[in-house]
Amino acid sequence: MTSQTDNAAADSQRDYSKTLFLPQTEFPMRAGLPTREPEWLARWDKLDVFGKLREQSKGREKFILHDGPPYANGNLHIGHALNK
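Each position in the sequence shown, counted from 1, maps to that position plus 92 in this note's numbering.
In short, the hints are calculated from the structure, not lab data.
Note that the coordinates shown come from a computational prediction; the quantities given were computed from them, not determined experimentally.
Label pairs and their computed distance ranges (CB to CB):
(1) R122 with N165: 33 to 43 Å
(2) G171 with W132: 20 to 30 Å
(3) V141 with Y108: 40 to 50 Å
(4) D140 with T111: 39 to 49 Å
(5) S104 with L139: 41 to 51 Å
In silico DMTMM-like cross-links for lysine to aspartate or glutamate, where the CA-CA straight-line distance does not exceed 25 Å:
(6) K144 with E131
(7) K150 with D137
(8) K144 with E129
(9) K154 with D140
(10) K150 with D140
Where is the CB? At the ideal position from N, CA and C, for every residue including glycine.
Model the full structure from these sequences, guided by the hints.
Pasting the structure below:
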């Protein structure tokens, strides 16, 4: 192995969690999103919300939103695609 390969292997093994300065708070997560979101999605499917919205918009002129990069002076990367 080369030293570059050794460095890359060492970096992939390194634990960076101690380098993050995340806020410590007493506020609990009360929204219960992990349990409530699937309930909302199931209800919307049952009510056919998307289908009703599509039916209401039938015949309307097509609307296209051209969403540009998040920063005008930065390069695009895979993170931008994953956030859409």
